[in-house]
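Undergrad: Listed below, chain by chain, are the residues.
Protein chains: 2
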Amino acid sequence: MRAPAIILVNPQMGENIGAAARVMGNFALPDLRVVAPRDGWPSPQAEAMAVGSPVLASARLFSTTAEATADLSRIYATTARPRGMEKRVVTGREAVGEARQALAAGEGTGILFGAERQGLENHDVAGADAILTLPVCPEFKSLNLAQAVAVVAYEWASGEGVPEAFTELSPPAPREDIDRLFEHFESELDRAGFFHPPDKTPLMINNLRSALVRARFTDQEARTFRGAIKALALGRGKARIVRED
Amino acid sequence: MRAPAIILVNPQMGENIGAAARVMGNFALPDLRVVAPRDGWPSPQAEAMAVGSPVLASARLFSTTAEATADLSRIYATTARPRGMEKRVVTGREAVGEARQALAAGEGTGILFGAERQGLENHDVAGADAILTLPVCPEFKSLNLAQAVAVVAYEWASGEGVPEAFTELSPPAPREDIDRLFEHFESELDRAGFFHPPDKTPLMINNLRSALVRARFTDQEARTFRGAIKALALGRGKARIVRED
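Chains as they are written, first to last, in the numbering used here: chain A, 10 to 254; chain B, 10 to 254.
Zero decoy hints are in this set.
When the alpha-carbon atoms are kept at most 30 Å apart in a straight line, the in silico BS3-like pairs for lysine-lysine are as follows: (1) B:239 with B:209; (2) B:96 with B:150; (3) B:150 with A:150; (4) A:209 with B:239; (5) A:209 with A:239; (6) B:209 with A:239; (7) A:239 with B:239.
Coverage of chain B stretches by chain A, computed from C-beta distances (three or more under 8 Å per stretch; other residues unrestricted): (8) 33-40; (9) 95-103; (10) 145-153.
Hint data in this document are derived by calculation from the structure and do not stem from the laboratory.
Cβ atoms here follow ideal geometry from the backbone N, Cα and C, with glycine treated the same way.
With the hints as extra help, turn the sequences into a complete structure.
TA: What follows is the structure in structure tokens.
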């Protein structure tokens with residue numbers, strides 16, 4: 010992989026998908042991923058706005074953000090709204106600079122953009138490594154989706170940062186392994202009665218994910234933690250036997 | 010004058026004028042000037058795409074480029090095509106950096122954008138102080154007019170870092186709290202029979218700590234994880250009671 014993936018999550022208007030594909034073609038970002046577009050796929054409106062961009066022809070459709078990011082290990086969530094999460098916030102320029110280094114080190118990198126009206130959902134932001142935010146006016150901050158993609162794509166084409174060797178020894182695990190780890194952890198916590206009151210469960214899950222995702226577990230570490238969760242959960246039976254002896 | 014004027018010369022589609030006005034509103038560029046738009050003025054299409062941007066409401070109409078630039082003393086002409094002119098060529102970032110300095114020194118500054126299909130005419134380029142060019146792919150270089158305005162507007166708003174609305178991360182918890190978390194985690198893992206073979210226990214503990222420490226848990230997160238560990242461990246008793254019922 011040589012450029013970050015642009016991932017449009019639940020985009021509403023085909024026109025915006027097409028305009029995003031066009032500007033990605035302008036600025037050498039070939040990897041467009043579309044998650045459950047409201048108006049279906051393929052989209053005649055997208056094709057009209059893409060004016061022949063090869064990026065639209067090779068765009069891939071996914072059902073969920075998790076599927077669209079499964080092969081990536083570094084994810085940025087684009088949002089103009091602070092989400093009250095313990096998560097690093099970077100500018101477009103910083104994100105693209107980091108992405109360039111990560112890609113050079115072999116890390117698949119993706120940038121999430123939410124739907125036109127409401128932006129990304131909190132759970133998609135919680136799963137990201139960092140928040141990417143653009144310097145919009147507080148009084149008029151609703152940026153068109155394709156314009157948001159445009160400025161990130163422009164940053165990609167503009168960067169002249171010299172890639173430096175990445176300090177991490179092993180690359181982070183692919184996101185699908187991290188997602189499985191989270192699901193395993195949460196299902197065992199749920200079985201253990203950790204989530205209460207129930208209406209706070211999504212918030213608690215987002216906070217847990219937000220904290221853990223910062224660790225950027227390697228493959229080996231993700232496996233180790235799944236083993237740890239399993240041990241704690243299965244330990245129940247074991248402890249019972251010990252006590253019954 | 011506190012920001013460069015954006016001057017659209019003979020724009021064809023009202024939609025693009027409106028989209029440009031929207032993104033100028035997003036990125037704090039208030040001064041839009043429109044020279045002889047093909048489809049007349051005012052434009053319902055522009056109003057629809059501007060979604061209430063105050064920039065469209067205050068946009069000014071001119072008949073010629075000369076009239077639109079009469080009060081300016083520094084002009085950039087945006088083009089992707091070399092024109093064979095002896096004229097300085099700058100990137101968007103350089104142009105905006107220069108504009109910032111010029112404006113601070115009291116020089117009125119404007120950036121010209123040409124029509125959708127053919128771009129600026131040679132005589133408009135010739136009259137400019139410098140050419141502004143964007144790093145488009147030679148194979149797919151036709152940038153939408155409003156997207157070109159977007160990246161220049163974004164450059165204008167960039168350089169201020171992350172907006173203040175985003176709160177700083179809470180500081181990481183003191184190391185003694187993290188150490189207590191680790192000890193708790195490890196003692197529960199030990200009770201659950203996780204560490205085997207025994208001679209590998211120190212290595213396993215080091216690997217677990219090495220991974221988790223990277224997350225730099227806050228106070229609140231450290232408490233949450235201790236709660237999670239406790240829930241998984243005490244879940245044993247809970248599971249046993251359930252089974253005995």
